[in-house]
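K.L.:
Per the working numbering, the sequence shown runs over residues 86 to 369.
Note that these hints are calculated values from the structure, not bench results.
Just so we're clear, the structure is a prediction, and the values are computed from it rather than from any experiment.
Fair warning: there could be bad hints in the mix.
If you anchor each label on the Cβ, the simulated ranges turn out as follows [to be verified]:
no. : residue 1 : residue 2 : range
1   : ASP103    : GLY272    : 15 to 25 Å
2   : ARG282    : ALA359    : 14 to 24 Å
3   : LYS368    : GLY156    : 36 to 46 Å
4   : GLU247    : GLY95     : 32 to 42 Å
Heads up, the beta-carbon is just placed ideally off N, CA and C, and yes, glycines get one too.
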Amino acid sequence: MADWIETYRGVVNAWECDVVEHFTIAYYFDRFADATRNLLDLIGEGESLGGAVNTSPSRLHVTFQHELRAGAQFHILSGITGFAGGMLRLGHQVVDSTNGKTLTWLAETLALPPTLSPKAQQRLESLALAWPGPKVPERSAGKPVPGLATVRDRVKPWEIGESGALSLPGYVHRFSAAAMQTLAAIGMTGAYMQEQRRGFSTFELDLHLVSAAKVGDIADVTTVFTHLGNSSVRFLHTMICKQSGRQLASMGQSGVHLDLDARRSTALPDELRALAKKLLLPKT
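All chains, full assembly: derive it from the sequences and hints.
P.N.:
Structure below.
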């Protein structure tokens, strides 16, 4: 009978924590990349499916339910959760190693290579598990929309992953920076966060890889707000290659205005909310 496989075990290093004093989201994706490759190797399909990892098109939907802070011990359980339209679905659970509690869920979708044999697909189907995590919303990458310019830099050789394209952390570090640029634009600057003991804590990410980012690509990111609640907001970040104009990726990011001492959400001040409304994507 198929079962969840341990694909990663480690700790949160102090240098991997951010200004909100918990595990930086890009480093989750560093571990997720390991977990996916390890899963495929452990089930004997690393050679046939490894090339599909961290390539386009693919989607990674993450739900953060509890935070990880410096020194935390955790492991990842992974498995195949199904097939749909030529896509392979994988599931990952980030588990607190001290008590067995699932802290974070990742639902990952990869394009199956056209060369995959029917026999290999049948074997993968025999390993499929029911997905016990949160329901994944139906969303597409969407087309780029005009927004605030939040990132411009260049893809470096040391950011390239096993697939030969930009690694998952390479995308997410840029989108994290985009979020901070956007927050600063509405008054939630570094000084504000330090003086008011406030931060931004992400509870959902929806990353779509659209086309491969390569060394030397100029990565441009624009950002808009798509939701503005009492304490919660949702960003939509879009990354394009400046030289070619092609879309590289998009990421929806939902989070809350966080009280760093109480470790819970708190209302967004009126002056920040008024500025955020100017960046809110109009509903169609």
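K.L.:
Give a verdict on every hint.
P.N.:
Each hint tested on the structure:
Checking the proposed 15 to 25 Å range against ASP103 and GLY272 shows it holds: the Cβ atoms sit about 19 Å from each other. Between ARG282 and ALA359 the beta carbon distance is about 22 Å. The supplied range of 14 to 24 Å therefore holds. Restraint check, LYS368 to GLY156: a C-beta distance of roughly 43 Å satisfies the suggested window 36 to 46 Å. Hint check: GLU247 to GLY95, Cβ distance near 18 Å, so the stated range 32 to 42 Å is violated.
The structure fails hint 4 only (numbered hints given earlier).
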